[in-house]
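**Q** Heads up: the sequence lines are chains A and B, in that order. FYI, the numbering for the first sequence is 1 to 114, going by the numbering used here. FYI, the numbering for the second sequence is 1 to 112, going by the numbering used here.
For the record, the hints were derived by calculation from the structure and aren't laboratory data. Beta carbons: idealized from backbone N, C-alpha and C, even for Gly. Among the hints, a few may not be true.
Claimed, not checked - Which chain A residues face chain B? A few, computed with CB under 8 angstroms, are given here: (1) Tyr33; (2) Gly40; (3) Gly58; (4) Gly106.
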Amino acid sequence: EAAVTQSPRNKVAVTGGKVTLSCNQTNNHNNMYWYRQDTGHGLRLIHYSYGAGSTEKGDIPDGYKASRPSQENFSLILELATPSQTSVYFCASGGPGNNNQAPLFGEGTRLSVL
Amino acid sequence: QQKVQQSPESLIVPEGGMASLNCTSSDRNVDYFWWYRQHSGKSPKMLMSIFSNGEKEEGRFTVHLNKASLHTSLHIRDSQPSDSALYLCAASKNTGNYKYVFGAGTRLKVIA
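Using the sequences and the hints, build the whole thing.
**A** This is the structure we're talking about:
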């Protein structure tokens with residue numbers, strides 16, 4: 001069964017600290033995405049990837065880095081976390097280029113930066 | 001400014017009523033549209049997709065697409081309290097090398 005797994009599910013970080021959010025998919029999808037969701041903004045695209053070794057900037061990349069070391073794994077890195085990065089983060093895999101399969105979302109990571 | 005605009009922001013309909021949600025892309029490169037439903041505290045789940053002009057029906061859900069205006073709409077008939085959720089529209093191009101952009105969503109509440 002297709003799956004996208006995010007870890008951790010919840011994270012509390014301190015301002016200025018480094019945070020890494022991980023995403024693993026077992027769907028053999030080329031495309032993977034990182035979004036954040038805040039009330040009133042829907043899902044906003046942070047970074048995405050077309051395959052291992054590739055990362056692309058989305059609509060709100062400032063303050064975030066991404067890494068795609070393999071087909072299965074896609075990480076989102078906050079080098080210097082700030083309170084404005086408190087949000088719910090979703091990873092997804094799939095979409096056009098993957099036989100038009102709708103992107104499948106993970107369960108989300110709730111991040112609080114204090 | 002988001003390239004995918006959804007309206008209304010929120011909608012209240014009585015149980016058994018019809019809910020109509022709208023979505024328009026300002027990016028003329030897109031040609032695929034997707035509707036997702038997200039219940040509170042959960043992740044988005046794909047509800048329907050539409051790639052061709054016209055209408056597509058699945059049970060109580062009907063989606064329309066006008067490619068010329070890049071407008072899609074989702075209609076839910078016989079709305080149920082369990083349909084209460086955030087409905088998200090996404091647009092993309094028919095190629096692997098294209099980002100997948102969502103609107104801000106329409107929050108639907110179905111009251112008994």
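**Q** Now tell me if each hint is right for this structure.
**A** Tested hints:
1. Tyr33: Given a least distance of 6 angstroms, the restraint on Tyr33/A holds.
2. Gly40: With a minimum Cβ separation of about 6 angstroms from chain B (threshold 8 angstroms), the hint on Gly40/A holds.
3. Gly58: holds, 6 angstroms
4. Gly106: holds, 6 angstroms
Checked against the numbered hints given earlier, the structure satisfies every one of them.
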